[in-house]
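Asker: The hints should help you fit chains B, C and D onto chain A, whose structure is shown.
Chain by chain, the residues run as shown.
4 protein chains.
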Amino acid sequence: MAHTTWFFETFVLAKQQPDYRLFHPLYGYLFNSYYESEGAHLARPQRGSLSRPTVAEVMAYRAHVDESMRRMLKEPLEPAVAALVELGMQHEQQHQELLITDIKYILGHNPLHPAYDPLGIGPQDVTAEHDGTCPPLDDWLSVEGQTIRMGHQGPGFAFDNESPSHLALIQGVDIRVALVTNDEYLQFMRDGGYQRHSLWHAEGWDWVQTLKFRAPMYWQPDPNQPDGWGHYTLQGVMPLTSQAPVTHVSYYEAHAFCDWAGWRLPTEFEWEAAASRFDWGRRWEWTRSAYQPYPGFARSEGAVGEYNGKFMVNQQVLRGASWATSPGHARLTYRNFFHAPLRWQFTGIRPVRSRESA
Amino acid sequence: MAHTTWFFETFVLAKQQPDYRLFHPLYGYLFNSYYESEGAHLARPQRGSLSRPTVAEVMAYRAHVDESMRRMLKEPLEPAVAALVELGMQHEQQHQELLITDIKYILGHNPLHPAYDPLGIGPQDVTAEHDGTCPPLDDWLSVEGQTIRMGHQGPGFAFDNESPSHLALIQGVDIRVALVTNDEYLQFMRDGGYQRHSLWHAEGWDWVQTLKFRAPMYWQPDPNQPDGWGHYTLQGVMPLTSQAPVTHVSYYEAHAFCDWAGWRLPTEFEWEAAASRFDWGRRWEWTRSAYQPYPGFARSEGAVGEYNGKFMVNQQVLRGASWATSPGHARLTYRNFFHAPLRWQFTGIRPVRSRESA
Amino acid sequence: MAHTTWFFETFVLAKQQPDYRLFHPLYGYLFNSYYESEGAHLARPQRGSLSRPTVAEVMAYRAHVDESMRRMLKEPLEPAVAALVELGMQHEQQHQELLITDIKYILGHNPLHPAYDPLGIGPQDVTAEHDGTCPPLDDWLSVEGQTIRMGHQGPGFAFDNESPSHLALIQGVDIRVALVTNDEYLQFMRDGGYQRHSLWHAEGWDWVQTLKFRAPMYWQPDPNQPDGWGHYTLQGVMPLTSQAPVTHVSYYEAHAFCDWAGWRLPTEFEWEAAASRFDWGRRWEWTRSAYQPYPGFARSEGAVGEYNGKFMVNQQVLRGASWATSPGHARLTYRNFFHAPLRWQFTGIRPVRSRESA
Amino acid sequence: MAHTTWFFETFVLAKQQPDYRLFHPLYGYLFNSYYESEGAHLARPQRGSLSRPTVAEVMAYRAHVDESMRRMLKEPLEPAVAALVELGMQHEQQHQELLITDIKYILGHNPLHPAYDPLGIGPQDVTAEHDGTCPPLDDWLSVEGQTIRMGHQGPGFAFDNESPSHLALIQGVDIRVALVTNDEYLQFMRDGGYQRHSLWHAEGWDWVQTLKFRAPMYWQPDPNQPDGWGHYTLQGVMPLTSQAPVTHVSYYEAHAFCDWAGWRLPTEFEWEAAASRFDWGRRWEWTRSAYQPYPGFARSEGAVGEYNGKFMVNQQVLRGASWATSPGHARLTYRNFFHAPLRWQFTGIRPVRSRESA
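Protein chains in written order, with full-length UniProt numbering: chain A, 1 to 358; chain B, 1 to 358; chain C, 1 to 358; chain D, 1 to 358.
No wet-lab data here; the hints were simulated from the structure. Hints are not guaranteed to be accurate.
Chain D regions said to be covered by chain C (calculated; three or more residues, Cβ under 8 Å) [as the list claims (entries may be wrong)]:
(1) 47-59
(2) 209-223
Chain D residues, not near chain B, derived (Cβ > 12 Å throughout) [to be verified]:
(3) 4
(4) 24
(5) 27
(6) 40
(7) 75
(8) 79
(9) 84
(10) 96
(11) 105
(12) 110
(13) 112
(14) 114
(15) 140
(16) 260
(17) 275
25 Å max Cα-Cα, derived DMTMM-like pairs, lysine to aspartate or glutamate [to be verified]:
(18) 310/B to 174/A
(19) 212/A to 38/B
(20) 310/A to 184/B
(21) 212/C to 306/D
(22) 310/C to 184/D
(23) 212/C to 184/D
(24) 212/D to 306/C
(25) 212/D to 36/B
(26) 310/A to 174/B
(27) 15/D to 306/D
(28) 310/A to 97/A
(29) 310/C to 279/D
(30) 310/C to 306/D
(31) 212/B to 86/A
(32) 310/C to 206/D
(33) 310/D to 259/C
(34) 212/C to 38/D
(35) 212/D to 38/C
(36) 212/B to 306/A
(37) 212/B to 227/B
(38) 212/D to 206/A
(39) 74/A to 86/A
(40) 310/B to 191/A
Glycine included, each C-beta is placed from N, C-alpha and C at the ideal position.
So here's chain A without its partners, still in its complex pose (with noise of 0.2 Å):
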């Protein structure tokens, strides 16, 4: 919350606003986690050990800056002035995302395995699956080769690297309507996809290998199940459900189960020709396109132009949205994007088959 408030604090009013009051003149400092144009940051390593600002004081800085914002908000904005507002709401929106999954994380990792949600009050990771409503497995939707249009041509907000819109050629593949479920993960688990080089990447397989992975992240083997697994969730340890679709993968092991499926990830070219016709929104689809820039990507000025182009190499593009992406926050051209190995995201797999095995 502190790093979304400064976001407000620093783009918004300490730029807009000519009398505005700094709340505190080390709090650029402290919640900076990134912006090099705005000056020094903490170095990450160090931040698990701030006890303070405590909770308190970071609600009054909350305060300070909302009464801020609220004053300013009663007159009317200049249009750049309101897209850095956009922008600011935005980027607190992908942070509450963050919080719920690093909740998980923390929590999922202490050794006491405590439950966020023990009574299911808020919303949950694992109802949804519970339904039944699975879409059946050998349904694919056949997307044919064509030259469609790429990105945001709005009116809403969308952030930069959806942008510019543009042509993009894909050749003819059949995509599947249902993620690929736990079940079918267990299958190439039993079937030793963990133990076999030949699908993997070259350094998916030196992490596997180095990390002893055997499963998806927050599974546990349990001997009273009768596949043989839990897992942990918000609402604590429980069950897998067969038919709800497998998450926390990262792209090595997404990468893997294709390969050992017969199948591949989807590039997220084929994934926004398809996606109007399934229904996406409970995962972050990993696809197969590294992060690159759009043809004719121009990154803005300014520190808000660190917010994405500078992070286009060495990612992999993600599709889609989660459960607990925020709403109102999830579209069809969104572009997330993480590291290859990392698992913490509510990620899932969605199969495509290339037409000739069709």
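Answerer: Okay, now just chains B, C and D, sitting in the frame of chain A:
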């Protein structure tokens, strides 16, 4: 040499010749650099301390394998075997180039800066740049927006990553006939290129800050030169040739330079569309395309299937060839690939400018 | 608190009270900091992310154990059990001191430099030095060459590493009544002490060069002070008191300072022979004795035998106590020990000069 | 050889001979292994890639220095210069031994296990153990409690760390005539010595767990041997000789073995008091004494003062000599020192039992 010899012994002789006798039972372990299918291999950091087998023993190994290969080649080969022999020769050509770049690396990092070829008898890594034939720096080729056919269409040899041939859509751009010169790169350096974070990828900026780089690899300050720099070459330390193409830059540096100049790197599709219209082959040219499989790519069965596909994540494509590439090894559709920070190859920068900025 | 509570639960209650019920089956795993005999323990780097059990749960754990201990202590204890109870209390006193030094470390490395005790209500880490009662700096005590009896001779409590009592031979030396002051240490700094390799151990020099230390821990440049420095204390950042004993120095720094001054550190034998004749107890005093077992030392059986003996390699002995040591915990024969580079304790320097230089 | 030659050039010729011409201006940088006073030196990890200067160039360097030394030695030397020449020769003797241990390390870690001396022509690291003259294992010498004179008193050469001669007090102990044998060490291994944490120092246990050691360096399982083991020697891989002294053990292993056997290692004072009564010189014998200066020790002025004193922290003393020590280099008062985990020297274990357990 032992490693390329091992390739012929393992993938050709041991599999095709029933009575072939391994030269030494442990050589497979010593000289298998990474093929997982072919059993254990020596960890990379320990290779530097291998004083045995001696040079004489490796030459005897080579003679043993050459003799068996010669005998085998007297008879007609089945097509699958002939393909493996050709792959073995192409593999050896790749290592011939790596020998040159490795020798340059080892001698160039020796405090004595010993020259490899002080008399300039062999192929020379700077002579070509002395003759002043650098194309004009303002000569740009126009590449129209179009759908082009990419990749290998045979009949000659190509690596699996150049297939299948397929259509790609490109937008109109201008691509420069001349590579970026040392003189242009010096302007970037003098203009604070290595100190301005806004020009760099986030991880490129970390790389520059951590390793304190301020110039391409092999450059060293020389107060006796008008431009203040010298560079190590295989002929020893020499002054820079201002119109020679800059080399030994990482992908991060190539990107930052282009950002500074208002240009960008080409995609590998743009490059392939235009390359028949300019001279290439002196530098491996960084593209902004991540190394991904072509649509419909399928890896080969068995160990040779590990050749290319398993590296298709977190690397960048380089196109063209360098002066150190073996004669006959270069191809318009050739896809080389390296990690973004690497600089010990003879890399270079070819600028593109988007049509709207023309 | 959870860890010292666990000590009583594990070594006293669970072993002595047949009907004792563990408060929580996983707490042993969470709060066993290093006793190998008592089963698995949480890896140290992961402790920082433990948000559960909560403070309230730890307090309930303490109340549960306190209640059981109180009931047990109503009956006479067998001597072996009484010894474990005493060990548990001494262990808790050690952690009381570590709480203070850890709090200072965490707050003192927070960019906001929050004061722990801004009003100076509790025990104060600089007040004692304000009263100007530093002993004269040229007051040296003569310790004659002699055979002295070292170590604990009872009847009260002592740790196993203080036994057995034995004879040691020392040569005649002079030992100073006053500890080295901030002012003296500043002279060392101004004379290039941190830049002159000849004063340092080889590994101390590497440490200084790598970590770029130029002053004791918690010192920070302050251009508003005549001596140019301030330092973080539990009351916040304050000016240095010139006559106060320097603190938060490593063994390497203590050694280098003495080498510069023409002095040396005392052995723990010299220290014990002389300490009854000077005031000690404000700083843990580095000695030049490595932490080794006394002649005839035998470790206790079982897990409590891990208490001291297993650390008797590659550490230095510190003698005395600091102002943060629990009342009643200090002893003339007490042997504290730390690794040479550590500085977060309240360490200090007492000089010795060899007789021949007197 | 280049490094020991550099010692004569730098500390003798360049300082004593006004007209001495340095063989090469950069050799000082290349071959200064760690003397800070003598300027910059090459970082240790980069030394492995030095292919130049060549062997021929180093031999020419040696000839150049030998020639100058020979000319100088025709005239009488001032005592200070003669002392430096003697120090240079002793330094070279030390490196002669290190050459043998380094060659064994490099060849012994080569997967081919090449023999250095397959015919056993040179000094042999196992022959001495073949003749069956191991002293009886139950032959213990009684060392009375006493005050003894320690350290060098000679007229002959000694390193600075052997001075000044001084008195030390020791308690009565028994010390064994025989070193610990391979057979005794095998009993420790079979009794779970490497799996029982209670026998080990805390950091020794971490070392064993992390590196997964289960036997001395150079031992390798051999199912064809009755005891299940072979070991690499300079003559190649051979069976163990059961009565030969175990070697290539770390301080941690020596300590754990003694703890298991109910014994302990001697202090260096006990060792020096008793050594004239047993044969020593086949193994460097770990002592339980940390490497500290003798009372009254003062380091020499200048660079040669870096020889020993700056290492006097966090190392253990070893006494005696090994079969690889140069003839004439061993001395009763010699103090060798190594870090606790190191095993590539020819180390051994001599047991002591405290008198009370006799």
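Asker: Beyond 12 Å from every chain B Cβ: check whether that's true for residue 4/D.
Answerer: 19 Å, holds
Asker: Determine whether the non-interface label on residue 112/D survives the test: each CB of chain B must be over 12 Å from its CB.
Answerer: 5 Å, violated
Asker: Residue 140/D clear of chain B by more than 12 Å, beta carbon to beta carbon?
Answerer: 43 Å, holds
Asker: In terms of Cβ atoms, is chain B entirely out of 12 Å range of residue 75/D?
Answerer: 34 Å, holds
Asker: Does the alpha-carbon distance linking residue 212/B and residue 306/A stay inside the 25 Å limit?
Answerer: This hinted pair holds, its Cα atoms lying about 22 Å apart.
Asker: Does residue 97/A lie within 25 Å of residue 310/A when you go C-alpha to C-alpha?
Answerer: 22 Å, holds
Asker: Under the criterion that the straight-line Cα-Cα distance not exceed 25 Å, is the pair residue 212/D, residue 206/A satisfied?
Answerer: 20 Å, holds
Asker: Does residue 105/D sit more than 12 Å from chain B, CB to CB?
Answerer: 9 Å, violated
Asker: Just double-check residue 110/D for me: nearest Cβ-Cβ distance to chain B has to come out over 12 Å.
Answerer: 5 Å, violated
Asker: Mind checking the alpha carbons of residue 212/C and residue 306/D for me, to see if they're no more than 25 Å apart?
Answerer: 22 Å, holds
Asker: Does residue 40/D clear chain B by more than 12 Å, comparing its Cβ with all Cβ atoms of that chain?
Answerer: 10 Å, violated
Asker: Are residue 310/C and residue 279/D close enough, with their CA atoms no more than 25 Å apart?
Answerer: Outside the cut-off at roughly 32 Å; violated.
Hint check: violations occur at hints 1, 2, 4, 5, 6, 11, 12, 13, 14, 23, 29, 30 and 31; the rest are consistent with the structure.
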